[in-house]
Amino acid sequence: MYARDGVLPMTRDRTLDRRGFLRAAATLPLVGGLVAFASPLLRFLKPNVEPFDVLQPTRHDPPAGEPVVAATLAELQKPWDFKYFVYTQKYPQYTPEGFLSASVPGVAIRLPTKIRMPWDWVRATGETPQFTESEIIVFSRICPHLGCIYNFVGDWREITAGYGGYVPPRERQHALMGCPCHLSIYDPADPEQPGRVLSGPAPRPPRTFFYTIEGDRVLVRRVEPGGIA
Amino acid sequence: MARVWDNLREWYRDRRSRLDLFDETMVTRQANPFYLLGPMLYYFWLVTVVSGILLMFWYEPTPEGAYNSILHIQHAVPLGWLIRGVHKYAADGVILCIILRIYRMYFLGEYKRPGELSWMWGFAGLVLAMISGITGYLLIWNQRAFWAAKTVLTVPVYFDELTAKIPVIGERFNVGSMIAYLFLGGPAIGAATLTRFYALHFGISLVLLILIEVFYYRTRRQRLNMSLFPILVFSAMLVYISWALPAELGRRADPNRTPLPILSDWYFLALYQYVKYTPPLWAGLGPGLLIGFGMLVPFLDRSKGRRPLERPFFFVVGLLALAYFLIFTALILFNIAVIEREPPLVLLVTTVVLSLAFVWEIRYRRRQARTVPQAAPAPARAAAH
Numbered sequence: 001m002y003a004r005d006g007v008l009p010m011t012r013d014r015t016l017d018r019r020g021f022l023r024a025a026a027t028l029p030l031v032g033g034l035v036a037f038a039s040p041l042l043r044f045l046k047p048n049v050e051p052f053d054v055l056q057p058t059r060h061d062p063p064a065g066e067p068v069v070a071a072t073l074a075e076l077q078k079p080w081d082f083k084y085f086v087y088t089q090k091y092p093q094y095t096p097e098g099f100l101s102a103s104v105p106g107v108a109i110r111l112p113t114k115i116r117m118p119w120d121w122v123r124a125t126g127e128t129p130q131f132t133e134s135e136i137i138v139f140s141r142i143c144p145h146l147g148c149i150y151n152f153v154g155d156w157r158e159i160t161a162g163y164g165g166y167v168p169p170r171e172r173q174h175a176l177m178g179c180p181c182h183l184s185i186y187d188p189a190d191p192e193q194p195g196r197v198l199s200g201p202a203p204r205p206p207r208t209f210f211y212t213i214e215g216d217r218v219l220v221r222r223v224e225p226g227g228i229a
Numbered sequence: 001m002a003r004v005w006d007n008l009r010e011w012y013r014d015r016r017s018r019l020d021l022f023d024e025t026m027v028t029r030q031a032n033p034f035y036l037l038g039p040m041l042y043y044f045w046l047v048t049v050v051s052g053i054l055l056m057f058w059y060e061p062t063p064e065g066a067y068n069s070i071l072h073i074q075h076a077v078p079l080g081w082l083i084r085g086v087h088k089y090a091a092d093g094v095i096l097c098i099i100l101r102i103y104r105m106y107f108l109g110e111y112k113r114p115g116e117l118s119w120m121w122g123f124a125g126l127v128l129a130m131i132s133g134i135t136g137y138l139l140i141w142n143q144r145a146f147w148a149a150k151t152v153l154t155v156p157v158y159f160d161e162l163t164a165k166i167p168v169i170g171e172r173f174n175v176g177s178m179i180a181y182l183f184l185g186g187p188a189i190g191a192a193t194l195t196r197f198y199a200l201h202f203g204i205s206l207v208l209l210i211l212i213e214v215f216y217y218r219t220r221r222q223r224l225n226m227s228l229f230p231i232l233v234f235s236a237m238l239v240y241i242s243w244a245l246p247a248e249l250g251r252r253a254d255p256n257r258t259p260l261p262i263l264s265d266w267y268f269l270a271l272y273q274y275v276k277y278t279p280p281l282w283a284g285l286g287p288g289l290l291i292g293f294g295m296l297v298p299f300l301d302r303s304k305g306r307r308p309l310e311r312p313f314f315f316v317v318g319l320l321a322l323a324y325f326l327i328f329t330a331l332i333l334f335n336i337a338v339i340e341r342e343p344p345l346v347l348l349v350t351t352v353v354l355s356l357a358f359v360w361e362i363r364y365r366r367r368q369a370r371t372v373p374q375a376a377p378a379p380a381r382a383a384a385h
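These protein sequence lines map, in sequence, to chains A and B. Following my numbering, the numbering of the first sequence begins with 1 at its first residue and continues without gaps. Following my numbering, the numbering of the second sequence begins with 1 at its first residue and continues without gaps.
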């Protein structure tokens, strides 16, 4: 009603009249209260994450899992005894649970001879192996080719019959591992490179688990990083 | 530069005006079953979309509920088995028609001027239909679906080997893994993957169908260039197959066990065998190059004639592709794949056959060049009439 002629009251009359004073006295606490009420919302104006740097290298959240008992020593007494197990890895994710679980099936195998463990990757994870040679080796059963779950096959003839017709050379005619999807064949007992690819399109041997032996239990602690679970 | 651009636009306008998506301009050749492939493809596609929308009423896109909802559709929903069967077999019909139509266009030289754009759309249609197919069969969440999705989405990870060689980008990005993540929605197959596949499966069909409707609206062509009789026959065929050979369910997906043997859908079998033979980087590159070759065939083939024997090299390439498709499919059905034996053989046969075809092409062109001067007076006589 003051601005009917387009001029604000304060500019018309510089002196503070009674009405103006009362109005200010009433408005200030009201505005103050509103600001106090709304101020928590101000923090939304400040980003709480760093600005996205497009040229940063892509960082994959490192997955983590709890140690799992793969087998007991009693289950792996004779050569070529094996035991399947499942190791659960959790990836940080934007899901209601905050993580996504992916299971990594594994196999623990008793080999006929001691071989050097392929654990060069373990040191980067901050762990130190108890031993460097062992008769027990633990592989991830995720095929390093395209991610199917391969099988431990106790009889090599079964590999020849069911996995595409590959016949292993005489010195490798023992238990082998074969993938049903694209028929990669692995030798778990190769002394230079455990899990060596004998046939098929796989580009590398299967990934291994790092384990320790606690009492009579084979305790699986970490899986070699890389690949899609 | 502007001239090149204008030429390109002129080219595109001209080819677009002669674009033939479903053989709808070949009205006079309808008696020939090979020219029924286009309308059949469109008909099967419509059936697939409609039955697919019906399936969406009951389908539940979650890892826990997907397989159960398929069981429910198959056994509890009234005529659910029919809707599912028709959806599956009509989709197979779409793929079959596209493949046969592509071979027809190839061997009859229909991709030559002015059919380049029609060919490219036909070929892109095959790729899109196969993507729609593979995203569709994950939705059942059975063993075949799960492992197919897993292997297919691991293939792009190996592109990292290639992109690592690009100076700046390669060090900072794992482009291949990023592609895989995009489709997986995370580090492993899960609920996000299923949602994304569902969206792709439905989206590809729907968006293309809308585009095609716009095309028909603008060109005022007849939608289904096919008489009532074949439509009735194909409909009856779909219903009969769905009844006689119900669409299979397979076993529920188990992330901890890969069955042996495991097969993909029939149109992926040859590709699957190829993946067994090659190092994993080539499992992705090979099909990519094949798609690139397919799309560019109209520009690579500079020969004059349309008949197969008038362009020996590309005729042999087509025959070889057909032979490999059939042989690889047969090999995988018998579960035969020995890396030491077969890939060198395949490579040898390919090299020898392609070289012979090249020699044939050269000899044919020389012979043409010799005979043309003698035939030259003919047009002059024709002009005198």
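Read the hints as simulated data drawn from the structure, not as lab findings. One or more hints might be untrue.
What the hints assert, rightly or not - Here are the simulated distance ranges between beta carbons: (1) Gln173(A) to Glu310(B): 52 to 58 Å; (2) Arg170(A) to Arg367(B): 54 to 60 Å; (3) Pro191(A) to Leu100(B): 39 to 45 Å; (4) Val168(B) to Asp120(A): 41 to 47 Å; (5) Ala2(B) to Asn48(A): 46 to 52 Å; (6) Thr72(A) to Thr351(B): 38 to 44 Å.
None of these values were measured; they are calculated from a predicted model. Ideal Cβ positions, reconstructed from N, Cα and C, are used throughout, including at glycine.
A quick look at each hint next to the structure:
1. For Gln173(A) paired with Glu310(B), a C-beta distance near 56 Å keeps the hint of 52 to 58 Å intact.
2. For the pair Arg170(A) and Arg367(B), the supplied restraint of 54 to 60 Å holds, since their beta-carbon distance comes to about 57 Å.
3. About 54 Å separates the C-beta atoms of Pro191(A) and Leu100(B), a value inconsistent with the hinted range of 39 to 45 Å.
4. Separation of Val168(B) from Asp120(A) is about 29 Å and departs from the stated range, judged on CB atoms against 41 to 47 Å.
5. Separated by about 50 Å at the C-beta atoms, Ala2(B) and Asn48(A) satisfy the suggested range of 46 to 52 Å.
6. Under the hint 38 to 44 Å, the C-beta atoms of Thr72(A) and Thr351(B), about 55 Å apart, miss the expected range.
The structure is inconsistent with the numbered hints 3, 4 and 6, although it conforms to all the rest.
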